[in-house]
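Q: In case you want the letters, here they are:
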Amino acid sequence: MAQAAPEETRGRSDARLLDWQASVADALVSGGVTVAAYVPDTRLQGILARLQEHGLLLRSLTREEECVGYAAGQRMAGGRPVVLMQSSGLGNAINALASLVVPYRLGIPLVISMRGTLGEANPSQVPMGRATLPILTTLGIQSARLRTAADAEQCTRGVMSLAFEAGECAALILEPTLGGGRESI
Amino acid sequence: MKASEVARAVVETLPEALCVSSLGTATSALRLASADGPHFYYGAAMGSALAGALGVAEALPDRAVVALLGDGELLMGASTLWSVSAIRPGNLTVVVLSDGAYSITGGQPLSSSPRFVEVGNALGGIAGHRVDNVSDLIHALSEVGRPVLIEAELDEHEWPGPSPFVDPAKVRIEFTAHVSTSAAP
Numbered sequence: 000m001a002q003a004a005p006e007e008t009r010g011r012s013d014a015r016l017l018d019w020q021a022s023v024a025d026a027l028v029s030g031g032v033t034v035a036a037y038v039p040d041t042r043l044q045g046i047l048a049r050l051q052e053h054g055l056l057l058r059s060l061t062r063e064e065e066c067v068g069y070a071a072g073q074r075m076a077g078g079r080p081v082v083l084m085q086s087s088g089l090g091n092a093i094n095a096l097a098s099l100v101v102p103y104r105l106g107i108p109l110v111i112s113m114r115g116t117l118g119e120a121n122p123s124q125v126p127m128g129r130a131t132l133p134i135l136t137t138l139g140i141q142s143a144r145l146r147t148a149a150d151a152e153q154c155t156r157g158v159m160s161l162a163f164e165a166g167e168c169a170a171l172i173l174e175p176t177l178g179g180g181r182e183s184i
Numbered sequence: 000m001k002a003s004e005v006a007r008a009v010v011e012t013l014p015e016a017l018c019v020s021s022l023g024t025a026t027s028a029l030r031l032a033s034a035d036g037p038h039f040y041y042g043a044a045m046g047s048a049l050a051g052a053l054g055v056a057e058a059l060p061d062r063a064v065v066a067l068l069g070d071g072e073l074l075m076g077a078s079t080l081w082s083v084s085a086i087r088p089g090n091l092t093v094v095v096l097s098d099g100a101y102s103i104t105g106g107q108p109l110s111s112s113p114r115f116v117e118v119g120n121a122l123g124g125i126a127g128h129r130v131d132n133v134s135d136l137i138h139a140l141s142e143v144g145r146p147v148l149i150e151a152e153l154d155e156h157e158w159p160g161p162s163p164f165v166d167p168a169k170v171r172i173e174f175t176a177h178v179s180t181s182a183a184p
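Residue numbers (numbering that gives the first Met the number 0), protein chains in the order written: chain A, 0 to 184; chain B, 0 to 184.
Errors might be hidden in some of the hints.
Claimed, not checked - Sample of chain A residues at the chain B side, in silico, Cβ under 7 Å:
hint	residue
1	LEU60
2	GLY68
3	ALA71
4	MET75
5	GLY77
6	GLY78
7	GLY90
8	ASN91
9	GLY106
10	THR116
11	LEU117
12	GLN141
13	PHE163
Said to hold, decoys possible - Think about it this way: if two alpha-carbon atoms lie no more than 20 Å apart in a straight line, the pair counts; the simulated EDC-like pairs of lysine to aspartate or glutamate are:
hint	chain 1	residue 1	chain 2	residue 2
14	B	LYS169	B	ASP131
15	B	LYS1	B	GLU173
16	B	LYS169	A	GLU167
17	B	LYS1	B	ASP166
18	B	LYS169	A	GLU164
19	B	LYS1	B	GLU11
The hints are simulated quantities; they were obtained by calculation from the structure and are not laboratory data. We put the CB at the ideal spot given by N, CA and C, even for glycine.
Isolated chain A (complex conformation):
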């Protein structure tokens, strides 16, 4: 299936599934993820819809910090959670990452949809967009920046391996060039 142009999906919750979204979701499921905790985002919608098709337990929680705390509990109890959020929500989650997930060495994969960078039209999103990767790096959380559909499966599997096998929280960064978001590109 050819990848849909970003313009075809912008702002629509019923947008058709993009190839990279299917690849990310399929890799999460085949990698043994047991539950997805998330705060909604346009670019994440296709991934979540695909996860739902697979029958994965989805938990829409009230804020990103709560998603991280919930995932920490799941991980402590033997589950294999994934947390999905927009980059602006990383600001809401920093304390739970810095003083729970990282010191307890809880291997949790994060899927972070970037805002505030390439093609951003909302000035209020830009500062957190600039800060997202430096924050993750400062916390010691490795990031894989996904820019093309061709790399989706490999990058997703790599992040899951870091999380579930090496026991390190790791982030898959969904860049605007993938499409499916709100940016003007």
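We have chain A already, so just place chain B on it with the hints.
A: Frame of chain A, contents of chain B only:
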């Protein structure tokens, strides 16, 4: 009641329960009451302990899970009550050490009475109880089948004793080992 009496009632009434304690008084009291049992002690990450307990409860639906929280802690992460109301895990009991103060930082008062019981009852699906003695606390702890929220009113300030500055690696290793080797009752 004192915090240590509340924690002891939890451990003695629900000896098989997996407990999640928030930083400060709750972690110190649970360490004392359980003789450093294999529980999920938070050493920081204020505001996300209920989310952690919710994650444990959903991952292990056949196990009783108790969140032992400070009132300032729950106030900071109160939106998770909405998630508890939505998910309604019947194996989750929330016990709030209600003294109206941030004990870990020196006893500064909360800005107002949180009224968690009223909030829980208003949200639906949560059985709220306010107790001011151990006998009523034990009775409330015996309720099963839906999430229970118990506001345990403390009338005597104390520092239970053990340090709340836990070793994260030790907590993770002992809790995960306990979960994987102990069966549900």
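Q: Each hint: holds or not?
A: Results of checking the hints against the structure:
no.: 1; hint: LEU60; result: holds (5 Å)
no.: 2; hint: GLY68; result: holds (3 Å)
no.: 3; hint: ALA71; result: holds (5 Å)
no.: 4; hint: MET75; result: holds (6 Å)
no.: 5; hint: GLY77; result: holds (6 Å)
no.: 6; hint: GLY78; result: holds (4 Å)
no.: 7; hint: GLY90; result: violated (14 Å)
no.: 8; hint: ASN91; result: violated (10 Å)
no.: 9; hint: GLY106; result: violated (10 Å)
no.: 10; hint: THR116; result: violated (27 Å)
no.: 11; hint: LEU117; result: violated (32 Å)
no.: 12; hint: GLN141; result: violated (19 Å)
no.: 13; hint: PHE163; result: violated (13 Å)
no.: 14; hint: B:LYS169 <-> B:ASP131; result: violated (34 Å)
no.: 15; hint: B:LYS1 <-> B:GLU173; result: violated (27 Å)
no.: 16; hint: B:LYS169 <-> A:GLU167; result: holds (17 Å)
no.: 17; hint: B:LYS1 <-> B:ASP166; result: violated (25 Å)
no.: 18; hint: B:LYS169 <-> A:GLU164; result: holds (19 Å)
no.: 19; hint: B:LYS1 <-> B:GLU11; result: holds (16 Å)
When each numbered hint is compared with the structure, violations occur for hints 7, 8, 9, 10, 11, 12, 13, 14, 15, 17.
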